[in-house]
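S.K.: Letter by letter, the chains look like this.
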Amino acid sequence: MKYALYIFILLGVFLACRKDKVGYKATPYILDIPSHFPDMIIPSDNPMTAEGVELGRFLFYEKKLSGDNSMNCATCHMPQNSFSDPNQYSTGIDGIQGNRQSMALINMGWENFFFWDGGKTTLEKQILEPVINPIEMHESWKNAVKKLDQDMAYRNMFFRAFGEGGIDSTKAAKAIAQFIRTLISGQSKFDVMYKYENSMPLTAAEQSIFQTIDVEEWAGYDIFKSLDGADCFHCHNGPLMRVKKFSNNGLLPNAFNDLGRAHVTNNPEDNYKFKVPTLRNIALTAPYMHDGRFANLDEVIEHYSSGIHMSSTIDPLIEFGSQGGVQLDAQEKYLLKKFLLTLTDNNFVNNPKFKDPH
Amino acid sequence: MIKLISAIIVFMFLVTSCKKDDVTPPATQYLQVDVIPTYTNGGAMKMNLDSVYTTPEGHQVKFTDVKFYTSTLKNESINLLQSSLFDYRETGGIMLRTSGDYTKFANLQGFIGVDSVLNHSDPSAFPNESPLNISNAGPMHWGWNPGYIFMNIEGKVDTIPDGINNLDHSFSFHIGTDLYRRDFSFTNLNWLKISDSERKLNLKLDLWKFLHNPISSIDLKSEFLTHTASGQQPLTEKVISNFQQSLQPY
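Protein sequences appear in the order of chains A and B. The first sequence begins at 689 in my numbering and counts up one residue at a time. The second sequence begins at 60 in my numbering and counts up one residue at a time.
Check before you lean on any hint, since a few could be wrong.
Taking beta-carbon pairs under 7 Å as the criterion, some of the chain A residues facing chain B (in silico) [as the list claims (entries may be wrong)]: (1) K713; (2) D720; (3) H724; (4) P726; (5) L915; (6) G917; (7) C920; (8) F921; (9) G926; (10) V931; (11) E957; (12) N959; (13) M998.
Hints in this document: simulated from the structure, not taken from any laboratory. Since this is a predicted model, take the numbers as computed values, not measurements. Yeah, the Cβ is synthetic: ideal placement off N, Cα and C, and Gly gets one too.
Produce the entire structure from the sequences given, and follow the hints as far as they go.
M.R.: Listed below in structure tokens is the structure:
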């Protein structure tokens, strides 16, 4: 009985004196979200941290992720092109080209679907793909992780980002996703126009920009929105300049007969539908469409004006499709292009936080 | 002394181990409102998006999108919900799901559309879960001052007399702006019991009545487009009026 009591007291003392587990905590990262944007929903299993974002930036520009150490994410998502590829099709390490244009990485933190066909539903899942794709970086994650693990700097960065030792593909994808979520564009002339149109207060800096918006740019915005004009806003509106949908926008099927969204859903009603992209920084992201068929904005405008190809899955919002398009005259095309140029955000493409840290 | 201490310890152990959990509060009651779109004369058969139907004139028709907002849902002074967005393609037949006591909502009033104050608020400022948040509204917000599209019905119809049934003509009804917000008032509602904690109300959206209203039929050959723009008032008025009449308790 006496021993039992001693054991009991000892246990009590032991439990009372147990220290909490000391754990390393990464620094929370506060995203700089423009005031006129909705909140960005961050996955609960991948909170934003300063260390995670920094690691993600290193990995985004890390060529060790490719089979021959020659490519990184930025090879096909170049900062100066608003993180897109100026080539019609990107070329992988084995010289093989894909059949879709690399999408621009802008405001991806607000997206729910990735790739032109929406084949992935989280950024983390999407990031895993290009590394192992034989026509892109053509590397196994096992090898890529091994190469990273041989670098003490990476071992330390992974520890600082995740609070534990060890490198794996999941952590790498999470870190890159964190970095990509920081690629926020919301400081173009258009943003000032949008805020003004929605009666939102302008800062002093925005007031200055407001003064520089000329009559032609406003006229172009009117054409952009006008039902009797270019009628663009059905698919490209709001602060993110896109709606969440897959749409057949009247393109002739290409040589690959790419069915787009139907590849994912197996639903013929989705034939030739592709993700509606943002128009932000559109002047920097040529060539255009899922297959990069249009080399410049003039060709894009001409498509919607007179080049619509009718088909059974064409978006009903291509309302003048049966007459070939919205039939803009030369002046309207000029003004529309003037407006599209207001979507360029130079602060975004020149942001030092987005540059190659190597 | 040792015996006494031992007894106290054992007594405390028993007391703490026998502590009851807190009393479980009553389960939250949930209310769900479903909308069942139909497209048959008499409105008995459910309409499926992308399925091809035949108009009374013999034209093939299919609906590709049915969406609408309701707001300020209440029974007199008892509020149910600020707003709801019905999106047939994205969320199936569910118009809203919220906590509430069905006995307080034997009647339900509200707007088809968005209350004027909400309609002109910053669409990014609503809570993330609000249907009015721009992330959730998506194409149901015009992106500038007119605010939200209250009602959106899109589809395709084969009214072009080329002898080919290929549904090569689109129709698109986008109604918004404060002027075209409409009231609804449903009485004597039948909330179906789904479980002890859940009740459901079914509404019918009779798209046959919407298009082929005996008093104000929409002729898809010539009346296939309105975005509530100036010059489109007659069709806009007809569309929202027909829609208002087509939405009723099942």
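S.K.: Could you run down the list of hints and mark each one as holding or not?
M.R.: Hint by hint, here is what the structure shows:
For K713/A, the interface hint is violated, the least distance from its beta-carbon to any beta-carbon of chain B being 26 Å, above 7 Å. Checking D720/A against chain B: minimum C-beta separation of about 15 Å lies over 7 Å; hint violated. For H724/A, the suggested interface contact is upheld, since its CB lies about 6 Å from the closest CB of chain B, less than 7 Å. Proximity of P726/A to chain B holds as hinted, the smallest CB-CB distance being about 4 Å (cut-off 7 Å).
For L915/A, the interface hint holds, the least distance from its beta-carbon to any beta-carbon of chain B being 5 Å, beneath 7 Å. The beta carbon of G917/A comes no nearer than 11 Å to any beta carbon in chain B, farther than 7 Å, and the hint placing it at the interface is violated. Taking 7 Å as the C-beta cut-off, the interface hint given for C920/A is violated, the closest approach to chain B being about 10 Å. For F921/A, the interface hint holds, the least distance from its beta-carbon to any beta-carbon of chain B being 6 Å, beneath 7 Å.
The criterion of a C-beta within 7 Å of any C-beta in chain B is met by G926/A, whose closest approach is roughly 5 Å, and the hint holds. Interface restraint check: V931/A against chain B, minimum CB-CB distance 4 Å, threshold 7 Å, status holds. The interface hint given for E957/A holds, since its Cβ lies 5 Å from the closest Cβ of chain B, which is under the 7 Å cut-off. Against a cut-off of 7 Å between C-beta atoms, the interface hint on N959/A is violated, since the closest Cβ of chain B lies about 12 Å away.
Taking 7 Å as the C-beta contact cut-off toward chain B, the hint placing M998/A at the interface holds, the least distance being around 6 Å.
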